[in-house]
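*Asks:* Here is what each chain is made of, one letter per residue.
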Amino acid sequence: MIRVVLPAHLRTLARVDGEVVIQIEGQATQRAVLDALEARYPVLQGTIRDYGTLKRRPYLRFFACEEDWSHEAPDAPLPASVAAGTEPFLVVGAMAGG
Amino acid sequence: MSGVRVLVGTRKGAFILTSDGTRDRWDVNGPHFGGWEMYHLKGSPADPNRLYASQTSGWFGQVMQRSNDGGKTWEAVGNKFVYDGVPGTHQWYDGTPHPWEFKRVWHLEPSLTDPDTVYAGVEDAAMFRTTDGGQTWHELKGLREHGSGKFWQPGAGGLGLHTILIDPTNPRRIFIAISAAGAFRTDDGGETWRPINKGLVSAQIPNPTAEVGHCVHRLALHKSRPDTLFMQKHWDVMRSDNGGDQWRDVGGNLPTDFGFVIDVHAHEPETIYVVPIKSDSEHYPPEGKLRVYRSRTGGNDGNDWEALTKGLPQQDCYVNVLRDAMAVDALDKCGIYFGTTGGQVYASADAGDTWNAIVRDLPAVLSVEVQTLK
Numbered sequence: 001m002i003r004v005v006l007p008a009h010l011r012t013l014a015r016v017d018g019e020v021v022i023q024i025e026g027q028a029t030q031r032a033v034l035d036a037l038e039a040r041y042p043v044l045q046g047t048i049r050d051y052g053t054l055k056r057r058p059y060l061r062f063f064a065c066e067e068d069w070s071h072e073a074p075d076a077p078l079p080a081s082v083a084a085g086t087e088p089f090l091v092v093g094a095m096a097g098g
Numbered sequence: 001m002s003g004v005r006v007l008v009g010t011r012k013g014a015f016i017l018t019s020d021g022t023r024d025r026w027d028v029n030g031p032h033f034g035g036w037e038m039y040h041l042k043g044s045p046a047d048p049n050r051l052y053a054s055q056t057s058g059w060f061g062q063v064m065q066r067s068n069d070g071g072k073t074w075e076a077v078g079n080k081f082v083y084d085g086v087p088g089t090h091q092w093y094d095g096t097p098h099p100w101e102f103k104r105v106w107h108l109e110p111s112l113t114d115p116d117t118v119y120a121g122v123e124d125a126a127m128f129r130t131t132d133g134g135q136t137w138h139e140l141k142g143l144r145e146h147g148s149g150k151f152w153q154p155g156a157g158g159l160g161l162h163t164i165l166i167d168p169t170n171p172r173r174i175f176i177a178i179s180a181a182g183a184f185r186t187d188d189g190g191e192t193w194r195p196i197n198k199g200l201v202s203a204q205i206p207n208p209t210a211e212v213g214h215c216v217h218r219l220a221l222h223k224s225r226p227d228t229l230f231m232q233k234h235w236d237v238m239r240s241d242n243g244g245d246q247w248r249d250v251g252g253n254l255p256t257d258f259g260f261v262i263d264v265h266a267h268e269p270e271t272i273y274v275v276p277i278k279s280d281s282e283h284y285p286p287e288g289k290l291r292v293y294r295s296r297t298g299g300n301d302g303n304d305w306e307a308l309t310k311g312l313p314q315q316d317c318y319v320n321v322l323r324d325a326m327a328v329d330a331l332d333k334c335g336i337y338f339g340t341t342g343g344q345v346y347a348s349a350d351a352g353d354t355w356n357a358i359v360r361d362l363p364a365v366l367s368v369e370v371q372t373l374k
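Keeping their order, the protein sequence lines are chains A and B.
Per the numbering used here, the first sequence starts with residue 1, numbered consecutively.
Per the numbering used here, the second sequence starts with residue 1, numbered consecutively.
Read the hints as simulated data drawn from the structure, not as lab findings.
Glycine included, each C-beta is placed from N, C-alpha and C at the ideal position.
Fair warning: there could be bad hints in the mix.
To be verified - Derived CB-CB ranges, DEER-like:
#1 B:Lys-80 with A:Pro-77: 25 to 31 Å
#2 A:Arg-11 with B:Thr-169: 44 to 50 Å
#3 A:Glu-72 with B:Gly-58: 22 to 28 Å
Said to hold, decoys possible - Pulled from the structure, derived: some chain B residues nowhere near chain A, Cβ distances all over 10 Å:
#4 Asp-20
#5 Glu-191
#6 Lys-223
#7 Asp-227
#8 Asp-304
#9 Pro-313
#10 Asp-350
As the list claims (entries may be wrong) - Listed below are the simulated BS3-like cross-link pairs for lysine-lysine, each with C-alpha atoms no more than 30 Å apart in a straight line:
#11 A:Lys-55 with B:Lys-150
#12 B:Lys-310 with B:Lys-278
#13 B:Lys-103 with B:Lys-80
#14 B:Lys-374 with B:Lys-223
#15 B:Lys-80 with A:Lys-55
#16 B:Lys-333 with B:Lys-374
#17 B:Lys-80 with B:Lys-150
#18 A:Lys-55 with B:Lys-103
#19 B:Lys-12 with A:Lys-55
#20 B:Lys-333 with B:Lys-289
#21 B:Lys-141 with A:Lys-55
All chains, please: the whole structure from these sequences, using the hints.
*Replies:* Encoded structure:
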């Protein structure tokens, strides 16, 4: 079980309240988490990662265990506490004003 | 009894304004999609309760929304806009090559006959079409690949395809416009395209009469005369009477011929409206006076442009009216509507003679569309 915290606008889009809980098989990586998230909530496709390249959108960041994972390799293993569901994986909108 | 529904896209959400045929009292519903940039909303002429909306954000990219009940409820539909093939490059602001990158949908134009078919004009400029109600979108690549694409360059707002006009007598003929490339026409439903910019003169490009590179801000036509086109260009108000094959300047006695919007009276094909803006760097009305100008000769007279001011602010007004932010209804008398970057939507129920703000203090208005309801 992996807990994911989404920005408010994406929670509205996905029609969920609070944290999202997803299940993944195999190693917990950013790619596996985002693949599972998009599979469960197809409306989020293209809003976190670009279509085609699957690169993180420029104004979004990924945090876990008070560390910035935005620039880590997509297939790098996430911390054990995220994989175990004791800590959430956070998708955060950059503080870009607007 | 007839009624009117006004679809307003703003920098921070969408609003739906409704009134009965008198157009005296208005209900304001919204914001829908609060916090998102709503570039454009438009209803299907074939099914007025079928609405489409472009929802976009610098953070989260492009989302497309569809309503089947006139905007009471919405559902997200497909948002995958992928250029067909290797998109190559267009010009950057300084003339250097720049890769084509999808950014957002600027304009939606539903088919005149099929609620599930919609054309989308996007940035970086290209035309997409759905035939399944927005679930999937496919590029009509003949426009981007017709040959001049590598010379297109963005206007200040980006390289956006912002105008799509379907010929009501021949749906295979479609006119589009791109900032800053110019106007283009297809006669075969979007397979092949050609520039239609003869007669345009733009001092901002190396060859002022080049085939492409002109910053066309908006096109308009009247459904009874689809070969007559009106254009508000970066500078210049233009007219063509042969489907865009040749243009001529009809700015005449306007106080300035810079501006963004242009539209045509619903029942008088030679009555046209513009909102003059002081200049390309100032982007507000001359003298702080918000004035709509009307010509009853489609600009042909040259000196019959009249200022329409009753009910509009005539001092200290420094808003802009963006290119997709004017529309007309089909009631009698014809209603004219426009939205400002100051958040007002002004309406005239008498073809422009008098105006009222039907809502104030919205976020900056990006687009206004009107549906005349039976």
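*Asks:* Each hint needs a verdict: does it hold in this structure or not?
*Replies:* So, going through the hints one by one against the coordinates:
Taking 25 to 31 Å as the suggested C-beta distance range, the pair B:Lys-80 and A:Pro-77 conforms, at roughly 30 Å. Our hint of 44 to 50 Å for A:Arg-11 and B:Thr-169 holds, since their Cβ atoms are close to 47 Å apart. Range check, A:Glu-72 to B:Gly-58: Cβ separation about 23 Å, and the 22 to 28 Å hint holds. Under the 10 Å C-beta cut-off, the non-interface status given to B:Asp-20 relative to chain A holds; the minimum distance is some 32 Å.
The beta carbon of B:Glu-191 is kept farther than 10 Å from every beta carbon of chain A, the shortest such distance being approximately 25 Å. For B:Lys-223, the non-interface assignment is confirmed: its Cβ lies about 36 Å from the closest Cβ of chain A, beyond the 10 Å cut-off. Non-interface call for B:Asp-227 relative to chain A: holds, since the shortest CB-CB distance, roughly 39 Å, exceeds 10 Å. At roughly 43 Å, the least C-beta separation between B:Asp-304 and chain A is larger than 10 Å, which holds for a residue marked as non-interface.
Every C-beta of chain A lies more than 10 Å from that of B:Pro-313, the closest at about 28 Å, which supports listing it as non-interface. No beta-carbon of chain A is positioned within 10 Å of the beta-carbon of B:Asp-350; the least distance is around 39 Å. A C-alpha spacing of about 26 Å is found between A:Lys-55 and B:Lys-150, which places the hinted pair at or below 30 Å, so the restraint holds. At roughly 20 Å between alpha-carbon atoms, B:Lys-310 and B:Lys-278 fall within 30 Å of each other, so this suggested pair holds.
Note on B:Lys-103 and B:Lys-80: the hinted pairing holds, with a Cα-Cα distance of about 11 Å set against a maximum of 30 Å. The straight-line distance between the Cα atoms of B:Lys-374 and B:Lys-223 is roughly 19 Å, inside the 30 Å bound, and the hint therefore holds. Note on B:Lys-80 and A:Lys-55: the hinted pairing holds, with a Cα-Cα distance of about 15 Å set against a maximum of 30 Å. Between B:Lys-333 and B:Lys-374 the CA atoms are separated by roughly 15 Å; this keeps the pair inside 30 Å, and the hint holds.
Distance hint between B:Lys-80 and B:Lys-150 is fulfilled; the C-alpha atoms sit about 24 Å from each other, no more than 30 Å. Under the criterion of a C-alpha separation no larger than 30 Å, the hint pairing A:Lys-55 with B:Lys-103 is consistent with the structure, at around 15 Å. Under the criterion of a C-alpha separation no larger than 30 Å, the hint pairing B:Lys-12 with A:Lys-55 is consistent with the structure, at around 26 Å. A C-alpha spacing of about 25 Å is found between B:Lys-333 and B:Lys-289, which places the hinted pair at or below 30 Å, so the restraint holds.
Restraint check: the Cα-Cα separation between B:Lys-141 and A:Lys-55 comes to about 25 Å, which is no more than 30 Å; the hinted pair holds.
Comparing the model with each earlier hint shows no violations; every hint is respected.
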